[in-house]
Amino acid sequence: MFHKSLVKSLFTVLAVATIPGIRAAANQLVQVTANIGPNPNNVGMYVYKPTKLANPLPLIVAIHYCTGTAQAYFSGTQYANLADTYGFMVVYPNAPAAGGCFDVASNATLTHNGGGDSQGIASMVTYSIATYGVSASHVYVTGTSSGAMMTNVMAGSYPNLFQAASIYSGVPFACFAGPSAWNSACAEGDISKTAAQWPPQDDDLAWDSHPYKGKLMLLVTVPPHPSSDTTLYYENFGQEILEWTNVLGVSSTATTTTQNDPQSGYTMTTYGSVVVAYSAAGVGHTVPVHETIDLAWFGITGGSTTTGPTSNPGTSTSPTSVVTQPTTSTTKTAPTATQTQYGQCGGYAKTSA
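With the sequence shown counted from 1, adding 698 to any position gets you our numbering.
Please note: incorrect hints may appear among the correct ones.
[Unchecked claim] Beta-carbon label-pair distances, calculated as ranges: (1) Pro754 x Ser971: 39 to 45 Å; (2) Asn725 x Ala894: 46 to 52 Å; (3) Pro754 x Ala724: 18 to 24 Å; (4) Asn733 x Asn958: 36 to 42 Å; (5) Gln726 x Gly831: 17 to 23 Å.
It is worth saying that the hints were derived from the structure and are not from the lab.
C-beta: ideal position from N, C-alpha, C; glycine also.
All chains should be modelled from the sequences, with the hints used to inform the complete structure.
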């Protein structure tokens, strides 16, 4: 069962913006072919290592969307480019399943050391600590859509490994649990539980006993706007807040609400001092990645978590010294065949998203 001090959480949605001065990463993305440890589903692993490394050395695990690849997330986000500046490493897992979605549903992946994609990613983290000299107290995880769902899984199944997480369009941990890769009831926001009914109270799952002492950021869009998320419905945002505030032992009633933060059309809510939630109007399922806000949230930079450029991970933008680390309502429809295969992502495979 999770410790009640599990995670500080930040839930965010941010709008599409053009990134001024986008540049290519200085080094190449490298596939890891060594034995990283238990990896039952053979999740592919790729690593970006900048020339200059911070001390202590942080690691960001950046997880792609359905139909995506490690290479696409590398080129479609700015984590690697920012790594050149701040000296952190980035691991990009590559989903082994046809369609490029991660396993977020099986009991194996939802269980600590139980197998599934999550165990392979966890093994890559411990391999990085042992092989590259990554600081075990500076490990972070982020992802988009299927990758966001996988980020939630990593925070739930391996809370001992991560100090912070950033989730772009996901669902609660274990919401997709079941025999199929696609869960319509969860995706369409039809699974509604009280805070106490969400894990870690679910006895069907073997939750890890290690406390997750990090913090977590989720990103969604607000209906009823035409471009709202019709792949993973907005109701999941509220369910995620219920789940994680309960884990943290704080009230799910917002302490403060601020309009137009970090920009026009966005709303920030806080829950005690450990959960912050951002939602935005009309962004759609493919929520732009705000890498500089992520870095500030992770503590890699000393910047604000309310400013910075964004990138759209669905479109490509580019391909040991030591540095000091800076301190309208929507109508629900049954999923199509394409949604069933790629539904964790949406936006990239569905013309309706």
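The hints, checked one at a time:
1. Pro754 x Ser971: 39 to 45 Å: violated (25 Å)
2. Asn725 x Ala894: 46 to 52 Å: holds (47 Å)
3. Pro754 x Ala724: 18 to 24 Å: holds (21 Å)
4. Asn733 x Asn958: 36 to 42 Å: Distance hint for Asn733, Asn958 is violated at roughly 51 Å.
5. Gln726 x Gly831: 17 to 23 Å: Given a distance of about 20 Å, which is inside 17 to 23 Å, the answer is holds.
The structure does not agree with the numbered hints 1, 4 stated previously, though it agrees with the rest.
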